[in-house]
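Number of protein chains: 8
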Amino acid sequence: MTKPYIRLDKNDAAVLLVDHQTGLLSLVRDIDPDKFKNNVLALAAAAKYFNLPTILTTSFEDGPNGPLVPELKELFPDAPYIARPGQINAWDNEDFVKAVKATGKKQLIIAGVVTEVCVTFPTLSALAEDFEVFVVTDASGTFNHLTRDAAWDRMSQAGAQLMTWFGTACELHRDWRNDIEGLGTLFSNHIPDYRNLINSFNQNSQQK
Amino acid sequence: MTKPYIRLDKNDAAVLLVDHQTGLLSLVRDIDPDKFKNNVLALAAAAKYFNLPTILTTSFEDGPNGPLVPELKELFPDAPYIARPGQINAWDNEDFVKAVKATGKKQLIIAGVVTEVCVTFPTLSALAEDFEVFVVTDASGTFNHLTRDAAWDRMSQAGAQLMTWFGTACELHRDWRNDIEGLGTLFSNHIPDYRNLINSFNQNSQQK
Amino acid sequence: MTKPYIRLDKNDAAVLLVDHQTGLLSLVRDIDPDKFKNNVLALAAAAKYFNLPTILTTSFEDGPNGPLVPELKELFPDAPYIARPGQINAWDNEDFVKAVKATGKKQLIIAGVVTEVCVTFPTLSALAEDFEVFVVTDASGTFNHLTRDAAWDRMSQAGAQLMTWFGTACELHRDWRNDIEGLGTLFSNHIPDYRNLINSFNQNSQQK
Amino acid sequence: MTKPYIRLDKNDAAVLLVDHQTGLLSLVRDIDPDKFKNNVLALAAAAKYFNLPTILTTSFEDGPNGPLVPELKELFPDAPYIARPGQINAWDNEDFVKAVKATGKKQLIIAGVVTEVCVTFPTLSALAEDFEVFVVTDASGTFNHLTRDAAWDRMSQAGAQLMTWFGTACELHRDWRNDIEGLGTLFSNHIPDYRNLINSFNQNSQQK
Amino acid sequence: MTKPYIRLDKNDAAVLLVDHQTGLLSLVRDIDPDKFKNNVLALAAAAKYFNLPTILTTSFEDGPNGPLVPELKELFPDAPYIARPGQINAWDNEDFVKAVKATGKKQLIIAGVVTEVCVTFPTLSALAEDFEVFVVTDASGTFNHLTRDAAWDRMSQAGAQLMTWFGTACELHRDWRNDIEGLGTLFSNHIPDYRNLINSFNQNSQQK
Amino acid sequence: MTKPYIRLDKNDAAVLLVDHQTGLLSLVRDIDPDKFKNNVLALAAAAKYFNLPTILTTSFEDGPNGPLVPELKELFPDAPYIARPGQINAWDNEDFVKAVKATGKKQLIIAGVVTEVCVTFPTLSALAEDFEVFVVTDASGTFNHLTRDAAWDRMSQAGAQLMTWFGTACELHRDWRNDIEGLGTLFSNHIPDYRNLINSFNQNSQQK
Amino acid sequence: MTKPYIRLDKNDAAVLLVDHQTGLLSLVRDIDPDKFKNNVLALAAAAKYFNLPTILTTSFEDGPNGPLVPELKELFPDAPYIARPGQINAWDNEDFVKAVKATGKKQLIIAGVVTEVCVTFPTLSALAEDFEVFVVTDASGTFNHLTRDAAWDRMSQAGAQLMTWFGTACELHRDWRNDIEGLGTLFSNHIPDYRNLINSFNQNSQQK
Amino acid sequence: MTKPYIRLDKNDAAVLLVDHQTGLLSLVRDIDPDKFKNNVLALAAAAKYFNLPTILTTSFEDGPNGPLVPELKELFPDAPYIARPGQINAWDNEDFVKAVKATGKKQLIIAGVVTEVCVTFPTLSALAEDFEVFVVTDASGTFNHLTRDAAWDRMSQAGAQLMTWFGTACELHRDWRNDIEGLGTLFSNHIPDYRNLINSFNQNSQQK
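Residue numbers (UniProt numbering), protein chains in the order written: chain A, 1 to 208; chain B, 1 to 208; chain C, 1 to 208; chain D, 1 to 208; chain E, 1 to 208; chain F, 1 to 208; chain G, 1 to 208; chain H, 1 to 208.
Worth flagging that the hints you see were computed from the coordinates, not collected in a lab.
Here a beta-carbon is modelled for each residue, glycine too, at the ideal position from N, C-alpha and C.
A couple of the hints might just be wrong.
[Said to hold, decoys possible] Partial chain A-side listing against chain D, Cβ under 10 Å, derived: (1) 60; (2) 61; (3) 157; (4) 159; (5) 164; (6) 199.
[Said to hold, decoys possible] Derived pair list, reagent style DSS-like, types lysine-lysine, alpha-carbon separation capped at 25 Å: (7) C:3 <-> B:3; (8) G:48 <-> E:3; (9) E:3 <-> H:3; (10) C:105 <-> D:3; (11) E:3 <-> G:105; (12) G:3 <-> H:106; (13) D:105 <-> A:3; (14) E:3 <-> E:73; (15) C:106 <-> A:3; (16) D:10 <-> D:73; (17) A:105 <-> B:3; (18) E:35 <-> C:35.
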């Protein structure tokens, strides 16, 4: 009667980063820019860390929408990169869908700008083709809280699971023992409070 | 187990604008008036742009509720205009339902004032008759956040999809190549941040 | 697949006012006290106006919880009044359930303090016995937004419909022509913005 | 079509307190620290009061995450205490699941830090094994409102019921007559407004 | 070096209510309408209770600004009533200033709509003529918080004292023993929390 | 001991619009973009309406800061326009100061982006040269509320008066009878609530 | 030209706790009750810790205002306790002023309920008699943010210094070496985040 | 009558960074941690960029307060570093004051944690010795908004100027032509929106 527990599996997941472009980012006002930048880079770093196949796509990057955020391009130099010639829903672009399917993964981790369009549309399309979709809500941004709430409702009701970059990383990692330092570094780089905990702990330990 | 992806189709959609009257607008306090005015006119402009059959209706427009916002009347001079003699739920008015059905469309895009009454009631009625309903949440307004949240929950649980004017326009357009300039103008007129992007881009391009 | 449209019917609805007591009201901090007082009295006035069978109940009214708000008692001098000897869920009190069933109504309009207990518990119990439950969210109050959100989610997921006093009154009335003045007075007394519209309109009309 | 009313039963419920550690608590920013401390201790006091089997677990307590909040350890000196060697989802730890199952209870009351990981993961796992899960939302904390909202949606959609510590205590107690003083003391210790009501009432009564 | 303590004195104070008109009230969005209505009526009731000379003034009341709120007119049937023919700053109207000066009072308690114009302008003018001005901030309203903050700063820096209706009433009354019941009734009518305290206390006392 | 009442005088005031550039506008996050755009255009329209000498200035308009908002340029085609080659404080630019002094006005109405730099710096410089400075707070924008509050405090403590575009227009106009229609049009174009009042009033009047 | 730095001196300071009564506390809505209770007790604990002469006073404690919060009475069993027979401004009560002057201190640390009356009035009176007044803003509460802001402005403009309980304790203590454990305990008891730091540190240190 | 315009001069300014320690940072809740970390590092980068003498100080860094944030230490390896043995007000530490005076600068730019203590106390002390103090408000943090507002008021009333890191950098730089690339890099590194503008601009320019 309710959604089953579909658990993220690092062996069966791909990451789709949709339209994080320098122009479009000026539209994002439901998250503070310092935090949003951090969240997007944290998700990207997690994708990299877990070696998840990652697909980049942009919309009209030669116009006002602006180029892909350079940090993303640098982080994934070999990732499929689909500069869509016009399709608003990335899933309407054949190359994009091909790239997704070429990963052979059933679980899709999606984030993008703006939430109710660039994230919601491919999310709904992927669900319709029976992918398991995990929306990284805090690495997706939009005009304001109202538009965010509406978009979340539409996606959740259609079967998507609403995640955060931190929850995504934790669910993929499962056990700290798989690599304590790696995950610790990821968190230290992107969670100031966690970095402070580590720095306090280390100093205290070194004083012994 | 979840709502299927029902996608807006510009060939199968009609727009219902319910009770955007000058008096009733003073009741809207969940959205700032500058933004709300913009959202309503943006939805109307989108309806016009996509040539969607549009139906206007008002409640007691000769009394304190006040006349329909003049801009809407001017934008749709030939649209069916149902000044309801008393029915609170527009769907209880035969002429209104006739007008809706006369469009031959299965998808209804609804916005109005106030959300929990003028929008929710016809939404639930239309769903009960198997229409596919898309509520434009940010072109609908009400007393405060609490009343909005309650109304959204009622509509979503009944099967309506919660949209925004921007998401609606994007889902209808599907591909920028269908008309880049038309959609760009719509966005430039109603999204200041987007207008700024375009203006910056154009100046920079002209400098070449 | 979704909740059907169960529409409030003034011939088949009863109102349950649960624990609006002078002591418990000091716990309500998710709605401003001026507004909350207004909302509760507005719902009560609507119940009176539509002649809906109304049931009052309190919890430990001789102790710190305090007596029922006097205005409610005065408004419904002949209503069943169940001062519960200890049951937290009013539905656990036989007299209360008997009183509810004695109304012969299938639709229950519920409001109370605090939302996650005094409203949620009888709501869930009534749903379990196949009543149709309409929660008047803005005439129900609790400690803060977090507790409200959790309670709403629990009730909505269990099948309750989330209403407001204004939406409730409008859905019960259906058509202004049933009594323009009566409904107008109700709104004028409890919606300052609406009262202003009426006063502006009347002065303007009298100037003719 | 909707979730049934699964009612908390003090004879069939266990409490799981997950990762309330002194370091991790610095990550909690969706609830004010004074209130959050109070909520966690209130839930613990309620668990104690109702003699519910309670299980404590921590993650890496010798590192930056810090030790379990001392008050919890003192309150439950004999409770199963699982210091997980690395599993992020407590349910992935065999000892933890064994301890849960050893209680013989079907209803699990869960709270922890942070909500979208330490609470959500075991909640989803327990639901998958047909436990009835009650999440104590206000004794669980996370980075901000956005992450909270996403976590709540994921858990609710999977079948968990969203509770608060106060609602949990009330649903467990059911009738004040089971022990007026005990419940009153619990509330007086953790709800300042309620304590004030009691103090005002007592002084007034003593003046007689 | 700082403002001296100029204390309100009921024998030396007059009340100026500026432009509380039914149309202009729709512009007030920095205070919720239920609360604002209450605050304005509370200040008026206090003015009445302390028999302070009160002056009413409006701006273009035959046009869109609308008539004076009827309750104010009814409360002060014999008060000077200056319907200004066009002056935006009431102090620019000779009749208004004459009426103010005719009271022979040195202390002016001012409230109105909107704060940065109808309140600020006469406040600054009165200060310039060495009146002692007390602005009743919560019975004055404007477009939003930003405009309010700017207006308060301008008035405070010019020497006005920022008050609330409650502080005004308390400073005028000075000692409960002057009339316990009168002041208690004023508070009970306009502070729901206080009314609850009184009702709880009375019931408890009657039980003796 | 306090600031005197320096009143805006349309015969002695000039308007300085500083750095309202399409790029810099993306930095403004203390006011919603729909509202901010409206406020800036409203101030410009007021400057035009009152025929106040107006000076435009930009910073590095050929780079990322972007060009002046086109609407401003169109509105003031003949205004002095100083594209500063590098000075951050416009007052450090000789041409700008010359243009200001050439107006022969003693009162300066200033707005710009961002508040704590482009507005605050010339404000402090102008005060130091004994100009009377009126900051139009709601036509000035910056990163967030904290930066705004700090900037306002600095300017107010230095002697600037904090205004809004509406207060500025009202103080300049002084008496509606100077031109009812002109001021009414200005307000109707930039205050949706006021436009609604006018439209309601007109319809009602026409029905007579 | 500005306020000099008057520094709190534990040898020259007294504490005045005004009207922290169980009934009046229900009026406080500008601070969350958990936090407010903590702040008041923290200030009291600090007064105790620094052995500052402390004066308690109440208004009508036998009526709806309710008795003094019991914890305060227990903490200061021998403190002057003035149950005022009616004066709203404690400074109007001779016994209170005598008690204040009997302390021989020039610096007064004041907190109370509600801010704009019970705190502001004696603050202004004490300033008028050349006491140095330090208002503990977070141990003082009132109806809402607007009333708080107005009260703060009035007190600050009159020469009071706005403090918090934490700043007060730190300024009184001056040097941790005066008593590390004592101050540490005060902070650990009233600042959950600080308690967590200490607990993390201690565990880490013990592991050495 | 008002504060004069004291303008930051890079040749006469020193920077004091007070108690940005890994433990104390967990107390900061008036600014989001992502943004606060950015602001502190931005101020430090600006101090570096302008070669301002910078002084670091900490309080009890071997205990729970934790070590100085490592990034700050790395950025200023040769700066005076005063680990205070106990003085809460850094100005009470002779070495600190000596270090300040040794810079020979009259303007002090101060930031720290927490605002009402570690920033306010030395600010007031420095003002008392006739330094010109510029508080960098957004690189200073504290428990919540209330404590921040109280601290700002105390400092501003005593003569400090409230700045932000961005305003500080701009006032120090004065003219972009002094070094366009240097300042641009500083902004690009610490203002995501500005970085986006630059990236959009550059791509567009390169397309030429």
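Hint by hint, here is what the structure shows:
For residue 60 (chain A), the interface hint is violated, the least distance from its beta-carbon to any beta-carbon of chain D being 28 Å, above 10 Å. A distance limit of 10 Å between C-beta atoms decides the matter here; for residue 61 (chain A) the minimum to chain D is near 27 Å, and the interface restraint is violated. Here the hint on residue 157 (chain A) is kept, as its CB sits about 9 Å from the closest CB of chain D, short of 10 Å. The criterion of a C-beta within 10 Å of any C-beta in chain D is met by residue 159 (chain A), whose closest approach is roughly 9 Å, and the hint holds.
Interface hint at residue 164 (chain A): satisfied, since its Cβ lies 5 Å from the closest Cβ of chain D, which is below the 10 Å cut-off. A distance limit of 10 Å between C-beta atoms decides the matter here; for residue 199 (chain A) the minimum to chain D is near 9 Å, and the interface restraint holds. At roughly 12 Å between alpha-carbon atoms, residue 3 (chain C) and residue 3 (chain B) fall within 25 Å of each other, so this suggested pair holds. Of the supplied pair hints, the one linking residue 48 (chain G) and residue 3 (chain E) is violated, its CA atoms being roughly 33 Å apart against a limit of 25 Å.
Of the supplied pair hints, the one linking residue 3 (chain E) and residue 3 (chain H) holds, its CA atoms being roughly 17 Å apart against a limit of 25 Å. A threshold of 25 Å between alpha carbons decides the hint, and for residue 105 (chain C) with residue 3 (chain D) the separation of about 23 Å falls inside it, so the pair holds. For the hint pairing residue 3 (chain E) with residue 105 (chain G), the CA-to-CA distance comes to about 23 Å; that is within 25 Å, so the pair holds. Between the alpha carbons of residue 3 (chain G) and residue 106 (chain H) the distance comes to roughly 20 Å, so the proposed pair stays at or under 25 Å and holds.
Of the pairs offered as hints, the one joining residue 105 (chain D) and residue 3 (chain A) holds, with about 23 Å between alpha carbons and a cut-off of 25 Å not exceeded. About 35 Å separates the Cα atoms of residue 3 (chain E) and residue 73 (chain E), which puts this hinted pair outside 25 Å; it is violated. In summary, the hint linking residue 106 (chain C) to residue 3 (chain A) is not supported, as the alpha carbons are separated by about 31 Å, beyond the 25 Å threshold. Straight-line distance between C-alpha atoms of residue 10 (chain D) and residue 73 (chain D) comes to about 22 Å, which keeps the hinted pair within the 25 Å bound.
For the proposed pair residue 105 (chain A) and residue 3 (chain B), the alpha carbon gap of about 23 Å is at most 25 Å, so the pair holds. Proximity of residue 35 (chain E) to residue 35 (chain C) is assessed by CA-CA distance (about 7 Å); at most 25 Å being required, the pair is judged to hold.
Consistency note: the structure conflicts with the earlier hints numbered 1, 2, 8, 14 and 15.
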